[in-house]
Amino acid sequence: MSSRELILGRVRRALADVQPDDTPYEQAVPRGYLREHGDLSVEETVELLAENLADYRAIVHRTDTAGLAGTIAGLLAAHGSSTVLVPPGLPQEWLAATETARVADRVESTPDELDQVDSVITACALAIAETGTIVLDGSPDQGRRRITLVPDHHICVVRVPDQVVSSVPQALERLDPTRPLTWISGPSATSDIELDRVEGVHGPRTLEVVLVAPSVD
Amino acid sequence: MSGTFVGMPAFPKAAHEAVHNTTLRGNLRHATHTIRGKRAKAVMEMSDWAELRDAGKRIKDHTLRHLDRYLVQLEESVTAAGGTVHWAADADEANRIVTYLVKATGESEVVKVKSMATQEIGLNEALEAEDIHAYETDLAELIVQLGKDRPSHILVPAIHRNRGEIRDIFAREMSEWGRPAPEGLTDSPAELAEAARLHLREKFLRAKVGVSGANFMVADTGTLVVVESEGNGRMCLTLPETLISVVGIEKIVPTWQDLEVFLQTLPRSSTAERMNPYTSTWTGTTDSETADGPSTFHLVLIDNGRTDTLADEVGRQALRCIRCSACLNVCPVYERAGGHAYGSVYPGPIGAILSPQLRGTASEIDASLPYASSLCGACYEVCPVAIDIPEVLVHLRERVAQGGPATEKGNKVVLKPAKGHAAERAAMRAARWALSHPGALRTGQRLASRTRRLHPRTLPGPGKAWSASRDLPAVPAEPFRDWWQRTNGGRTNGGKQEGTK
Ligand code: SF4
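One line per chain: the protein sequences are A and B, in this order. All the letters of the first sequence, read from the start, carry residue numbers 1 to 217 under our numbering. All the letters of the second sequence, read from the start, carry residue numbers 1 to 501 under our numbering.
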């Protein structure tokens with residue numbers, strides 16, 4: 001007998017004493033919890049996102065569509081970056097104001113090559129206000145997971161308010177489980193030494209989030 | 001479960017030694033109290049905590065009730081997404097499978113994300129025996145591995161080490177394993193973290209095989225989830241060409257939507273954060289065009305005592321555990337005794353009910369674990385999936401003291417009472433050390449019992465004695481065994497043991 005059959009057989013025998021239960025899954029779990037906490041306006045939700053991002057030491061910047069290229073150029077310059085990783089679908093105009101050398105996200109790049117790049121810039125799939133989380137799903141404007149992992153400086157652009165949800169339940173509704181997802185809440189951190197939080201172990205030590213609102217004109 | 005630490009003394013003895021190690025106690029006390037307060041705050045932010053906790057419990061119960069069906073569904077989903085599923089009945093089989101898979105890649109080293117399951121089966125040792133080096137990449141695991149030590153906490157395995165000790169370990173051992181610690185390393189946590197970053201980075205960048213566990217597996221989509229802080233998990237999950245995930249069969253949830261419960265309750269219960277820094281989810285492998293992450297993915301599902309646990313009507317609730325470690329941080333016995341005293345990779349209250357079920361109660365340490373508690377109930381209060389740990393402890397005590405039906409390796413057996421009432425002796429010895437500081441135990445117990453609603457239960461046997469406010473336990477006028485028989489394990493006749501106050 002294969003171990004598969006062995007284990008499944010053990011499971012069935014283990015449950016032999018249990019009352020038969022044909023409650024369908026949909027009815028088996030009462031979901032009395034909230035879809036979101038509080039009753040915030042759209043502006044307040046964006047505000048909460050900014051607060052919670054900052055609370056976990058992400059550096060938050062706010063601008064509008066017209067100011068985005070300038071903001072990004074400023075961040076790269078301030079970080080002293082001479083190279084920046086760029087996913088294939090990143091809107092060209094985001095980099096219109098910077099001279100920083102672009103490095104493409106390619107299949108062939110080795111981890112060592114990625115380790116030589118100063119910064120990475122991506123969009124995101126969505127952001128969660130209640131937890132201060134940005135989620136990447138590997139779409140063309142976000143690239144492969146490793147490009148936001150190996151370089152030490154990550155700039156992530158969130159379109160507000162469209163990409164902002166309030167809560168974890170709302171986020172999961174909008175995300176596609178077949179894509180590899182990375183949820184990021186603040187820069188990499190550890191509390192392993194006397195539970196003292198230290199930012200920056202293996203992931204990017206600096207996380208800058210740019211909240212970009214549509215320009216009003 | 002092959003994970004009994006060799007030569008491990010039974011709980012009371014190990015705990016007695018730990019209680020007298022003042023550095024250890026200082027480290028532990030500081031750490032558990034810090035996180036305890038933070039957790040309470042993080043939970044208070046959620047007005048629907050009770051509903052989330054109830055939903056978490058029900059999702060897990062429903063899954064366990066139909067575990068065969070969900071396992072088959074998971075296998076189909078993972079396979080359809082390009083992964084390969086393997087089944088391991090016990091630790092040896094799991095180790096053989098992983099060793100075989102690593103060898104098939106032609107590699108002789110793997111990078112690992114912290115995983116309870118691989119510790120439980122002793123994977124690192126099994127790989128080492130075949131000349132495959134497994135590098136732990138979680139900072140705390142690295143401290144443990146370099147210090148040739150054992151983990152003592154589920155989430156913070158090096159919780160028993162202070163910064164000075166960690167500095168010494170890094171300075172002494174890093175050069176043995178790869179990049180040495182920087183010259184003049186101090187004991188500041190930031191510098192220590194930086195030393196670990198540099199030491200591990202070269203390993204990540206060249207790694208071809210990653211080994212992980214998983215916090216959740218979603219049956220309907222075939223998605224695996226890893227929740228972490230440092231980014232070492234992301235490194236292991238995305239840079240290597242081959243990923244091998246070793247996961248207990250109880251880690252399933254039926255649907256993607258179910259994650260909305262656990263991704264809210266787990267971070268707050270474990271690190272007291274609204275959300276942990278990184279959560280990764282992946283579903284099989286990506287196509288060659290996307291080429292994001294490992295091109296080969298193996299999932300090794302392990303039983304190793306879980307189906308035996310599932311067969312126990314009272315004990316099966318332990319399989320709901322999401323390993324958040326909140327129960328450790330509130331446990332007065334854990335705080336005093338430390339994680340090592342539990343003689344297993346699962347320390348604290350959850351370890352006290354899980355290890356004796358996964359491994360059986362044949363060894364002295366496993367027979368004594370159900371007594372490693374004052375039954376104060378604080379663990380149940382904080383548990384995000386509402387595992388009634390005291391109820392299972394009492395049930396297991398009964399099994400140890402009286403014997404009775406149990407399941408071992410899938411076979412129904414009838415256990416004999418522990419020889420010479422070893423359990424009773426163990427309990428009394430346990431009571432003796434725990435009472436060296438009775439004040440905290442008593443307070444914890446009162447606080448907890450005030451908020452407990454379910455199971456109006458008086459404390460049987462030594463649990464009762466442990467709360468007495470004196471330095472030595474009262475020797476009960478009525479022997480424990482007689483009392484146990486008379487009261488049906490403390491369930492009838494008020495369960496009050498004569499001679500105790
Ligand atoms: S038993 Fe409950 S509190 Fe303890 S680790 Fe498991 S889920 Fe967390």
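Keep in mind the hints are simulated off the structure, nothing from the lab. Any given hint might turn out to be false.
Using C-beta positions, here's what the derived DEER-type ranges look like [to be verified]:
{"#": "1", "chain 1": "B", "residue 1": "M44", "chain 2": "A", "residue 2": "P91", "range": "39 to 45 Å"}
{"#": "2", "chain 1": "A", "residue 1": "E51", "chain 2": "B", "residue 2": "K412", "range": "52 to 58 Å"}
{"#": "3", "chain 1": "B", "residue 1": "M44", "chain 2": "A", "residue 2": "V18", "range": "35 to 41 Å"}
{"#": "4", "chain 1": "A", "residue 1": "V18", "chain 2": "B", "residue 2": "K416", "range": "25 to 31 Å"}
{"#": "5", "chain 1": "B", "residue 1": "A40", "chain 2": "A", "residue 2": "D162", "range": "45 to 51 Å"}
A few chain B residues that face chain A, going by a derived Cβ cut-off under 7 Å, partial list only [unchecked claim]:
{"#": "6", "residue": "D68"}
{"#": "7", "residue": "E230"}
{"#": "8", "residue": "R274"}
{"#": "9", "residue": "T279"}
{"#": "10", "residue": "L310"}
Computed list of lysine to any residue pairs in SDA-like fashion (alpha-carbon distance at most 20 Å, straight line) [as the list claims (entries may be wrong)]:
{"#": "11", "chain 1": "B", "residue 1": "K57", "chain 2": "A", "residue 2": "L15"}
{"#": "12", "chain 1": "B", "residue 1": "K38", "chain 2": "A", "residue 2": "E51"}
{"#": "13", "chain 1": "B", "residue 1": "K208", "chain 2": "A", "residue 2": "R35"}
{"#": "14", "chain 1": "B", "residue 1": "K57", "chain 2": "A", "residue 2": "R35"}
{"#": "15", "chain 1": "B", "residue 1": "K409", "chain 2": "A", "residue 2": "I59"}
{"#": "16", "chain 1": "B", "residue 1": "K409", "chain 2": "A", "residue 2": "R13"}
{"#": "17", "chain 1": "B", "residue 1": "K38", "chain 2": "A", "residue 2": "E173"}
{"#": "18", "chain 1": "B", "residue 1": "K57", "chain 2": "A", "residue 2": "G32"}
{"#": "19", "chain 1": "B", "residue 1": "K57", "chain 2": "A", "residue 2": "V18"}
{"#": "20", "chain 1": "B", "residue 1": "K57", "chain 2": "A", "residue 2": "P20"}
{"#": "21", "chain 1": "B", "residue 1": "K38", "chain 2": "A", "residue 2": "A213"}
{"#": "22", "chain 1": "B", "residue 1": "K208", "chain 2": "A", "residue 2": "V107"}
{"#": "23", "chain 1": "B", "residue 1": "K41", "chain 2": "A", "residue 2": "R57"}
{"#": "24", "chain 1": "B", "residue 1": "K409", "chain 2": "A", "residue 2": "G38"}
{"#": "25", "chain 1": "B", "residue 1": "K412", "chain 2": "A", "residue 2": "Q27"}
{"#": "26", "chain 1": "B", "residue 1": "K208", "chain 2": "A", "residue 2": "P111"}
{"#": "27", "chain 1": "B", "residue 1": "K57", "chain 2": "A", "residue 2": "D21"}
{"#": "28", "chain 1": "B", "residue 1": "K208", "chain 2": "B", "residue 2": "D131"}
{"#": "29", "chain 1": "B", "residue 1": "K57", "chain 2": "A", "residue 2": "S139"}
{"#": "30", "chain 1": "B", "residue 1": "K203", "chain 2": "A", "residue 2": "M1"}
{"#": "31", "chain 1": "B", "residue 1": "K412", "chain 2": "A", "residue 2": "R13"}
{"#": "32", "chain 1": "B", "residue 1": "K203", "chain 2": "A", "residue 2": "T110"}
{"#": "33", "chain 1": "B", "residue 1": "K41", "chain 2": "A", "residue 2": "G38"}
{"#": "34", "chain 1": "B", "residue 1": "K409", "chain 2": "A", "residue 2": "S2"}
{"#": "35", "chain 1": "B", "residue 1": "K203", "chain 2": "A", "residue 2": "D152"}
{"#": "36", "chain 1": "B", "residue 1": "K409", "chain 2": "A", "residue 2": "R4"}
{"#": "37", "chain 1": "B", "residue 1": "K57", "chain 2": "A", "residue 2": "Q19"}
{"#": "38", "chain 1": "B", "residue 1": "K208", "chain 2": "A", "residue 2": "L114"}
{"#": "39", "chain 1": "B", "residue 1": "K41", "chain 2": "A", "residue 2": "G89"}
{"#": "40", "chain 1": "B", "residue 1": "K38", "chain 2": "A", "residue 2": "R197"}
Computed from a predicted model, the values in this text were never measured in an experiment. By construction, the Cβ of each residue, glycine as well, lies at the ideal position given by its N, Cα and C atoms.
For the pair we were handed, K412 (chain B) and R13 (chain A), check the Cα-Cα distance against 20 Å. holds, 10 Å
Keeping to a limit of 20 Å between CA atoms, is the pair of K57 (chain B) and Q19 (chain A) held or broken? Distance of about 18 Å is within 20 Å: holds.
Is the straight-line distance between the alpha-carbon of K57 (chain B) and that of S139 (chain A) 20 Å or less? With a Cα-Cα distance of about 35 Å, the restraint between K57 (chain B) and S139 (chain A) is violated, given a limit of 20 Å.
K38 (chain B) paired with R197 (chain A) [C-alpha distance capped at 20 Å]: holds, 13 Å
Run the distance test for K409 (chain B) versus R13 (chain A): straight-line Cα separation, threshold 20 Å. Distance of about 12 Å is within 20 Å: holds.
So if I understand the rule, the pair passes when the alpha-carbon distance is 20 Å or less; does K203 (chain B) with T110 (chain A) pass? Roughly 14 Å separates the two Cα atoms, so the pair holds.
K208 (chain B) and D131 (chain B) were given as a pair; does the straight-line alpha-carbon distance stay at or below 20 Å? With a Cα-Cα distance of about 16 Å, the restraint between K208 (chain B) and D131 (chain B) holds, given a limit of 20 Å.
Can you confirm whether the C-alpha distance between K38 (chain B) and A213 (chain A) stays at or below 20 Å? At roughly 34 Å apart (the allowed maximum being 20 Å), A213 (chain A) and K38 (chain B) break the hint.
Is it true that the CA of K208 (chain B) sits at most 20 Å from the CA of L114 (chain A)? holds, 16 Å
Pair hint outcome, K409 (chain B) versus G38 (chain A) [Cα-Cα no greater than 20 Å]: With a Cα-Cα distance of about 49 Å, the restraint between K409 (chain B) and G38 (chain A) is violated, given a limit of 20 Å.
Given pair status - M1 (chain A), K203 (chain B), alpha carbons within 20 Å: violated, 40 Å
Interface hint status, L310 (chain B) versus chain A (Cβ within 7 Å): At about 4 Å, which falls below the 7 Å cut-off, the nearest Cβ of chain A leaves the hint on L310 (chain B) intact, so it holds.
In this structure, the earlier hints numbered 5, 13, 15, 17, 21, 24, 25, 29, 30, 39 are contradicted, and the remaining ones agree with it.
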